[in-house]
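Undergrad: Sequence:
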Amino acid sequence: MTSNPLNPSNGDDAPKDPLTEMLQNLMGGKGMENIDPAELAKAAGLPDDPNLLAQMFSQVQAMMSAPSEGPVNWKLAHENARRVAASASDPSVSSVQSREVDEALRLAELWLDPVTDLPATGLIGRAWSRAEWVEATLGTWKRLTEPVANSIANALSNAMTEQMPEEMKSMMGGASSMLQNMGGAIFGMQLGQAIGALSAEVVSSTDIGVPLADLEMALLPTNVASFGEGLSIPANDIRLFLAVREAAHARLFVQVPWLRGHLLGAIEAYARGIHIDTSRIEELARDLDPSNPEGIQEALSQGVFMPQRTPAQEQALEKLETALALVEGWVDELTAAATEKLLPSAGALRETVRRRRATGGPAEHAFASLVGLELRPRRLREAATLWAGLKDERGIEGRDAIWQHPDLLPTAEDLDDPTGFTGRRKLAEASDSEVDDALQKLLNGGFDNAPESGGDTAGPAGEGTGQDNDGDGDGDRKGPDDSDDQPKG
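Residue numbers (the numbering used here): 207 to 695.
Hints are computed from structural coordinates only; laboratory data are not their basis. Quick caveat, the model's predicted, so the values are computed rather than measured. Each hint should be verified, as a subset may be incorrect.
As the list claims (entries may be wrong) - Listed next, the in silico DSSO-like pairs over lysine-lysine satisfying Cα-Cα at most 27 Å (straight line):
id, residue 1, residue 2
1, LYS597, LYS547
2, LYS632, LYS597
3, LYS525, LYS547
4, LYS547, LYS632
5, LYS525, LYS647
6, LYS647, LYS547
7, LYS597, LYS348
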């Protein structure tokens, strides 16, 4: 392994390493003709189609030389996601598939009506290809990943600058923006790769528990068919079960308007607090062996850019995972209630979805390694148990009323002990009531007339002192038999 891979090898006739050649070609304006795109793609985990890679790197070169609008090249992320989604056989949705999805989602809405107090959405069911899923969700992905993406892109740029030999820094002159663009391009390509790969795994618009497309209800027929492979369950049953899950998600996010912002805000807050460990990136740059693409890919796949969590981040992550679990647990419980008597395979499908959501697919793991955030409900089963208990105790209306305000939502403690939720809630409500009573008394001036030394505040001419000076037991309140003129016996 070279001690400094960015330095050219000693000797005029010795070949330069590929990374040095790439940097010099890019910075010297020689273009990409002397670079083997296949080797670079192998290192970055990108597709190995020569024509696709040649086109991709040509666009990367153009984008790196153009002014950047920010630390991350989102245009490159978008185009790469589209390419990856299309590379894995992404046929256009047929009219038959559109009709089947529309009918399944309409029937799902009818099945949900008896098991929830939240009304139907009235949304039109959509059938999406993988490319259409990318287009519909990329705006939300940008919102979710931009804070950490900016940190990683800046860290990459800084690491490149610090590890670059002095002679190459002099070549660069003041063109620091080129390194900034390079970091943004690298992260954009990686992020686009992860999103494109994820498009081949999701079966609906809300499959990961977050409403990636606002006010949409959709299934991906190609991925639904892949989901059912090897299950020995009729395709129509699988489509209906997944349609009920999608319709339940849509109903929750549409009828509880604060919930989407609550979830996305929690993810953004978590991401904003992330700080990249630049020492890990510097270590990678220092020990990088350009002749070993497999080693580079292994470092990337192990999450070399994954941020290190602070204690505050761990607390934020716990709150986020609790919210995701509550959403998934509610959907899981409603789907089971709506399908248990109508689909013979409902129990098997429920368990399959639970395991799939708990473990995540390869693309979901790649996304987590890239941005340091796993969007999986680790406590789905506990949350489903909690919602089932609340339905038995409060009925459907009482259970769904908990979604009226974020302050009413169960906490991680409630997932630990679902049966104690009501008792803890009563104590909290009682405490809140005492605070309200005290506040009302304060506003009414009740605390302004507090007696001194245990008595009432003295009034005019000694009235209302609370003392019984004349021994008649009336606290010196004047009455018909107690006037100033009354002779004392």
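Undergrad: Now look at each hint and say whether the structure bears it out.
TA: Against the structure, the hints:
1. LYS597 to LYS547: holds (18 Å)
2. LYS632 to LYS597: Cα-Cα ~17 Å, so holds.
3. LYS525 to LYS547: violated (35 Å)
4. LYS547 to LYS632: violated (35 Å)
5. LYS525 to LYS647: Violated, at roughly 35 Å.
6. LYS647 to LYS547: violated (55 Å)
7. LYS597 to LYS348: Given pair LYS597, LYS348 is violated - Cα atoms ~37 Å apart, limit 27 Å.
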